[in-house]
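Listed here are the chains, written in short residue letters.
There are 2 protein chains.
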Amino acid sequence: MEIAKAARKAANTLKTLSNDKRTSALKAIHDHLRDHKDIILESNRLDLQLAEQADLSPALIKRLDLNKGDKFDVMLQGVLDVAALEDPVGRQSILRELDDGLVLERVASPVGVLLVIFEARPEVIANIGALAIKSGNAAILKGGKESSHTFQSMAEVIRTALAKTSVPTDSLQLIATREKVADLLHCDKYIDMVIPRGSNELVRSIKRSTTIPVLGHADGICSIYANKDATAEMAAEIIVDSKTNYPAGCNAVETVLIHQDTQFDVLRSILVALLDAGVTVKLEHNLYTRAREALPDEPKIVEAAEEDFDTEFLALTVAVKYVESLQEAIDHINEHGSHHTDCIITENALDAAAFQKGVDSAGVFWNASTRFADGYRYGFGTEVGISTNKLHARGPVGLEGLMSYQYLLKGKGHIAGNYVGAGGNRHFTHKDL
Amino acid sequence: MEIAKAARKAANTLKTLSNDKRTSALKAIHDHLRDHKDIILESNRLDLQLAEQADLSPALIKRLDLNKGDKFDVMLQGVLDVAALEDPVGRQSILRELDDGLVLERVASPVGVLLVIFEARPEVIANIGALAIKSGNAAILKGGKESSHTFQSMAEVIRTALAKTSVPTDSLQLIATREKVADLLHCDKYIDMVIPRGSNELVRSIKRSTTIPVLGHADGICSIYANKDATAEMAAEIIVDSKTNYPAGCNAVETVLIHQDTQFDVLRSILVALLDAGVTVKLEHNLYTRAREALPDEPKIVEAAEEDFDTEFLALTVAVKYVESLQEAIDHINEHGSHHTDCIITENALDAAAFQKGVDSAGVFWNASTRFADGYRYGFGTEVGISTNKLHARGPVGLEGLMSYQYLLKGKGHIAGNYVGAGGNRHFTHKDL
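Heads up: the protein sequence lines correspond to chains U and Z, in order.
For the first sequence, numbering that gives the first Met the number 0 gives the first residue as 0, with consecutive numbering after it.
For the second sequence, numbering that gives the first Met the number 0 gives the first residue as 0, with consecutive numbering after it.
The following block holds chain U by itself, in its conformation from the complex (with noise of 0.2 Å):
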């Protein structure tokens, strides 16, 4: 509790600070972490020795170490990269003339306090820390407990920073207990949003847990529907990229949905392609059928169980199922999509666009990869995250997804009672500016 007090104040401060001096903040960070990185590597030596110890696996391992590569300067670059943004705070999206010197503006503003939780990778309180400063917020993180060591120094160093600038050090704080998390997801009264960066479990169970805002998804179950009309060749490629590029992301296909009026030679395609490719194909039975009788040896084609097409794969495996029209494929991905982002293949601009209008997911696409649904590769500049929600930001979420808005009024001693419906007779102009 007093971790989101400390925060809400520290924002009330921040709130009020210029981009030159939240910007030299970040520059000051920056230094300070260049100039202990061997403090740093030597915590992180040693979350990764009691990792090795307690046996955790291999890619874990990967994610907690910072030496490898080029991490840590990529790290540093990230902080200086967010420093060079430009500035989201005080944009203006409403600039009105109400009466005659009665002038309305509305201006982009920090949420607030944020609640960051992520799993292992140390480099994450780099990267949010910055973009919670750049935008004017505080933020309140807790990492993984197999990096603690790591995030206890970088803390640190990043406070120390803090402390010989205009920035309140407590614009960052580290917190380490989970009990500390609960706590927290209650303190509506100071706390904004909640961003979850890490696992489906973890997402789902803090937005079963608190009522703050949650930004983020707990599911990626993305589907492409090929057309009836559906070319081989591009049906093929955009299935195999969607799924192979990197399967561990949100936007990799889970589903796909084939008109049973197309070729068989389209079908045919996708199933060998993403074959060739390493996939496991789950086929629903009518295709498993047929798919069983062209290809009788291959052991990566598999029966689909129902649930298949509920599920996440996040791994080289893929549902495939038959519709009878664009109407069914609409209807199955509205209610067993999780309405990240889904594709259509078509080279028919009608059935494009009833798809386009009828999909109720973050992105719709055609003719194109899921995997473009990216804030780097939609130009955002950077990315906080990728929101399921419909309320505040949808989609690949950049910088202004940590921006709110608050309405200025400027008067000379204006008052409602001389205004119709409020008991005058004076008329708004309502004149944009």
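Incorrect hints may have been included.
Note: identical chains are not told apart, hence a pair may lie in one copy or across any two.
[What the hints assert, rightly or not] Pairs of lysine-lysine, DSBU-like flavour, derived with a Cα cap of 35 Å:
| hint | residue 1 | residue 2 |
| --- | --- | --- |
| 1 | Lys356 | Lys4 |
| 2 | Lys163 | Lys36 |
| 3 | Lys411 | Lys227 |
| 4 | Lys179 | Lys163 |
| 5 | Lys430 | Lys411 |
| 6 | Lys8 | Lys356 |
| 7 | Lys227 | Lys8 |
| 8 | Lys20 | Lys67 |
| 9 | Lys8 | Lys206 |
| 10 | Lys20 | Lys70 |
| 11 | Lys144 | Lys188 |
| 12 | Lys356 | Lys163 |
| 13 | Lys4 | Lys36 |
| 14 | Lys70 | Lys430 |
| 15 | Lys430 | Lys356 |
| 16 | Lys163 | Lys61 |
| 17 | Lys206 | Lys179 |
| 18 | Lys20 | Lys356 |
| 19 | Lys61 | Lys36 |
| 20 | Lys206 | Lys356 |
| 21 | Lys411 | Lys356 |
| 22 | Lys356 | Lys26 |
| 23 | Lys356 | Lys409 |
| 24 | Lys70 | Lys26 |
| 25 | Lys179 | Lys356 |
I should point out that these hints are in silico values taken from the structure, not numbers from a laboratory.
On a predicted model such as this, the values are computed, not experimentally measured, just so you know.
The hints should help you fit chain Z onto chain U, whose structure is shown.
Here is chain Z on its own, set in the frame of chain U:
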């Protein structure tokens, strides 16, 4: 649960309908309500009788009465006014070439399914129903039990009207019991937003009981700060208007902060103006002592208790205290206010700017009555409510508060694997069109 599923199904169709079709449906609702005025008013008389027998308050009975003055005709005109608004669906906010032939578009789309909970006033069903259909959203409506016969009758008329249009009848569903609301508040798979329109207690209890985003405000504790250079006349006029123009409004002022170095006659003018307007003034100890000396026999001058500065009086009562500085005023408002609308009275532009930067509320005003915080006055055409949330919609919310957005990407078979960062060497062009 069935209700929520049916609403989702209706929303999926409604989302695809053109503005013409949605607008025609509103005209059909208007005509049908007009043609069945007698039946509706008969049900309304029954509700009124029951309310009188149950000895409900005259204020409540007045809100119930649909035959009072031109209320019915105003309601009918309201439906046509909403029909005439610009179509909010499909408005483009990004149009960007990511690469040759790969174009990203961001367009406004309906949120989906709204759960609207309101109290006695029966005309709200037509008003909210019209806003929902115009914006492509399905709505589940729950009205207060005092108007149940009127609601039932209006809902039937509206469903009969919709049955003859392209808008699915389940786009507007009425529910009658509290138990059903409790169930629906858990249907986060099917319901996207809850809009409570009613008492603070209603809003607070709903916010506590759901993880679905709630649009609205529980409290409206607005403050006005008179800076040390505030002039007596402007301060008195703005404060009196903010308090008395509509004391039950959420944008009425509840707390007045006065810089302790203001001239005594500024304080005196404010007090006298408030007392003349029939306002009870609760003064913090120091101020109370001074005011008592000057106006010894004034019964409407009362010493304030601490909790008066955390109270929304919703009546002709205001709490007043001295502050030592502009910063103390800002801190007081951020801590004790409800982040709705606050105002500074000053001729000093630097102090005004510091106040507008430092106060973390939806509206931060300078020399203007807090009563201007209103969708109509801001020029939004209509008002869905006023939000003290920081995410999604903040402040007075027009039709755009019922909108989300989607990313539509159109390619020609583009795959991510060809681009830098995902295994290839092509670069994005990121050119806004």
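Task: In rising order, the numbers of the hints this structure does not comply with - done: none
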